[in-house]
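*Asks:* Sequence:
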Amino acid sequence: MPKLTLKIEKMMCESCVKNVEKALTVPGVTDLKVLIGKAVMQYDESKVAPETLLKAVIDAGYPAKIKKGLF
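Residue numbering for the sequence shown follows our numbering, starting at 243 and increasing by one per position.
Derived from the structure by calculation, the hints contain no laboratory data.
You may find that some hints are simply not true.
[Stated by the list, open to error] In silico lysine-lysine, DSBU-like type, Cα no more than 30 Å apart, as pairs:
(1) Lys-275 x Lys-310
(2) Lys-249 x Lys-309
(3) Lys-264 x Lys-275
(4) Lys-289 x Lys-249
(5) Lys-309 x Lys-280
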């Protein structure tokens with residue numbers, strides 16, 4: 243399974259972490275770890291696309307982008 247890291251802005255507290263976790267808890271996402279400022283997960287390409295996960299975070303109210311390169 244591929245790994246995806248999202249860089250997330252405007253996360254200030256544990257409530258923000260919970261909101262992002264909720265947004266990313268979808269079929270196909272496994273091994274999800276959300277910290278203030280980023281989310282790292284593995285995902286099943288046949289069930290969910292990286293762009294869909296990015297949109298879920300943005301729709302939850304947090305500007306985000308897919309982090310490229312080294313994790």
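*Asks:* With reference to the structure, classify each hint as holding or not holding.
*Replies:* Taking the hints in turn, this is what the structure says about them:
1. Lys-275 x Lys-310: Judged against 30 Å, a Cα distance of about 17 Å means the pair holds.
2. Lys-249 x Lys-309: holds, 6 Å
3. Lys-264 x Lys-275: holds, 12 Å
4. Lys-289 x Lys-249: holds, 22 Å
5. Lys-309 x Lys-280: holds, 9 Å
In summary, this structure violates none of the numbered hints.
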